[in-house]
Amino acid sequence: MSGAESVGNEGGGGTEGSDGDAVDRTPVPDADVCVVGAGPAGALVADRLAGDHEVVVLDAGPRFDPEDRLARQERAIRPFYDRPDVWGVGGARDAHENAGDWFYPLNHARVKGVGGSTLHWQGMVMRLHEDDFNSGSTRGVGPDWPIDYADLRPYYVEAERELGVAGASDNPYAPPREEPHPMPAFEPSYSDSLFAEACESLGIDMHSVPNARNSEPYDDRSPCVGYGTCQPVCPSGAKYDATVHIERAEERGATVIDRAPVQRLEHDDDDSVTTAVYATPEGEEHGQEADAFVVAAGGVETPRLLLLSDSDRYPDGLANGSGHVGEFFMDHLFAGAGGTLDEPTRQNHVGFYTSACDQFYDEADETQAPFKLEFFNYAGPSPVEMALSGDDWGDPLLDRLRDGYGDHVAMGGLVEQAPDADSRVTLADDRVDDHGNPVPRIEWTVGDRALDTIERANEIQVEILEELGADVGWVAGPDATGPAYHHMGTTRMSGDPDRGVVDADCRTHDLDNCWIASSSVFPTSGAMNPTLTIAALALRVADDVDARLGEA
Amino acid sequence: MELTRRDAAAALAAVGATGGVALGVRRAGDGGTGDDGSAGGADGAAGDGEGDRSPSDEAVREAMAAVATAVYPDAVSGVESFVDGFLDGRLDGSAHAEGIRAAVAELESSARSWYDAPVADLETAERDELLRELGADTAEEDPHGTTAERVRFFVVNELLIALYASPTGGELVGIENPQGYAGGAESYTRGSP
Ligand SMILES: Cc1cc2nc3c(=O)[nH]c(=O)nc-3n(C[C@H](O)[C@H](O)[C@H](O)COP(=O)(O)OP(=O)(O)OC[C@H]3O[C@@H](n4cnc5c(N)ncnc54)[C@H](O)[C@@H]3O)c2cc1C
Ligand code: SF4
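Quick note, the sequences are listed as chains A and B, same order.
Counting from 8, one number per residue, gives the positions in the first sequence under the working numbering.
Counting from 4, one number per residue, gives the positions in the second sequence under the working numbering.
Hints may contain errors.
[Claimed, not checked] Sample of chain A residues facing chain B (criterion: CB under 7 angstroms; computed from the structure): (1) Gly98; (2) Ala99; (3) His103; (4) Ser196; (5) Asn384; (6) Leu405; (7) Asp414.
No lab work stands behind these hints, which were simulated from the structure alone.
The structure presented is a predicted model; accordingly, all values stated were derived computationally and were not measured.
Ideal Cβ positions, reconstructed from N, Cα and C, are used throughout, including at glycine.
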């Protein structure tokens, strides 16, 4: 079916997706592993374990029909639809509250359903730097991670292979790597070549950037064909999303149940989780039992589920002996600037960027956060989107489009936010979701170190744009910054059960058979997009689950 | 600039319909055998062209092509076959297709009451006037909104998305690989042709 109006609004209780009589949503008998969440974290765990174990994945959202991707793309282009409408986010299912100093647009920052938020993501995938794992000792900010870059390094290699990463080894600031990326990097863009001259005269280095996006056929998926709407939807499948690993896990025997939001986790008297209680669209409630549980519900729903699972034995919520579940909520802050040149800049052909600058990242200390810079290939308006709003058509519209498109340039950047216990996810007092569970309440606060660093990033961005001869039209500084939609920190990892929710293996301190695969375990966040690290940790979790099931 | 079959196929691909245009064939269901079943006046209306009688595929095509001459810039030619080709894939019995049909019905009904003629028989300037009188110029598109908002969504913007997500439409503006068109992963590396 074609057309933006031919797909549903899942979060609002729409019936699109795989409901209907044919779907069996009853629990799987004798399951070894129950995974909560079918985003990249849950999908990778499930795929890795499915060959040797009976695995069940429960996801709150629907299975999206791949045939509908172009209709979703149309939603991305048409002005009527807000971003959350593209993947049916919103409504009673996804209700939430904001109570902090800073507004957090949660439903722009996630997708629920098979594939999770990678259906919407941009697909930029970098490794964290070595110092990011030791922020406390090298920068004096936050705790050190209980693991090092070296512990994750082999898993980074595997994660790059699993997601399919196009990249090159020309980045002198990147952490050490042992072998090339699975695919060659995308060629620099035309506008990169304009930036390159300006950067060279300023002594600023540009280099390629790793993309979870096919630069050539990979893993039976198409190479990028240039639809240019990567965020929020790639119709060709060139951009990695977690449906890849869900499908593979199912081929290996895993059972994936969609539209099955887990309501709570139940436990026995021996500190083991016994059951994931989930709802179905038919209004039933089922209990999925398993020997091991992996919670991979994203950085907001993961702490929420633990808090919703409180009991007499765990009155403050499951795995919350430390009291830290939900605390230290972090995101990356956006810093950007843009303007126009008096020549064509060739923007909006593709929806991803091809060059970056990590030169300033490791200058970080107590007062300056790590940050990275990005050179955009999608600055300024896209003509087709412009055409759909305005009072004009015919020749006047064409004139307006010619005026508006063609000469924009822009830079972006991400800045680390330091962990702060007051920045947190809790349960709302008197607001519930479609199943009567308290909705997540977000109190997001951002400290001065991040805000000062945004200014520092802006200075460099403006310097580059001016050297380029651009007329600088906008600067997204501390007052105009926003989150990059990376939810981190809410079930932090620590070797000390009083200071963290999970241990160095991402297993909860309090419950022996419960792991968390998510950026919620990050003790500090660095300034690199998190998903490659999430993927590496997920693969490591799978190995630990496998080893412990083998012992039992 | 001439709009081609390739443009129509590209525009269709951009919005998720495949349609006969790619193969150069017309779908068998053409000519009023849509799901609505009311194309032949099954609602018992007198058949005088007024009221909310649901137009046939053929009538939708004619009206849309007529509106396109008003909302497309003068620089493009080949509009009728482009729109026709685009609608080959778009009138596929989906909820969206029925939205187009209903909006065209309302547009036709206004044309008949205000100009005493179907949209296709109006001068280009009158088509422009009709859309403005309906308020489709200032309306923001909304598939569930007022008549003006629905005409904007299902008629005006439907045609504009078809044009500007096609290579020829993009080229008019200076982007041969516009958003929504799978124009490959090389054009972004090159300067202006
Ligand atoms: C617009 C946008 C752009 C982004 N760009 C990038 C980028 O360029 N690079 C990058 O590294 N990251 C990016 N991200 C972030 C990236 O998408 C996430 O880091 C990643 O998807 C997290 O994976 P996850 O599996 O932990 O969680 P998710 O992908 O969010 O998946 C969690 C899943 O759990 C399910 N779930 C939640 N609660 C329950 C429950 N109670 N029961 C059952 N299931 C439940 C949800 O339905 C969902 O499917 C972007 C995100 C957005 C929104
Ligand atoms: S530009 Fe983006 S959306 Fe288009 S094919 Fe490439 S990855 Fe997919």
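Hint by hint, here is what the structure shows:
With 7 angstroms as the threshold, the beta carbon of A:Gly98 stays out of range of chain B, its nearest partner Cβ sitting at about 16 angstroms, so the hint is violated. For A:Ala99, the shortest C-beta to C-beta distance to chain B is roughly 19 angstroms, which exceeds 7 angstroms, and the interface hint is violated. Taking 7 angstroms as the C-beta contact cut-off toward chain B, the hint placing A:His103 at the interface is violated, the least distance being around 25 angstroms. Interface restraint check: A:Ser196 against chain B, minimum CB-CB distance 5 angstroms, threshold 7 angstroms, status holds.
Because the closest C-beta pair between A:Asn384 and chain B is about 6 angstroms apart, less than 7 angstroms, the hint holds. This hint holds: A:Leu405 has a C-beta 4 angstroms from the nearest C-beta of chain B, less than the 7 angstroms allowed. A distance limit of 7 angstroms between C-beta atoms decides the matter here; for A:Asp414 the minimum to chain B is near 10 angstroms, and the interface restraint is violated.
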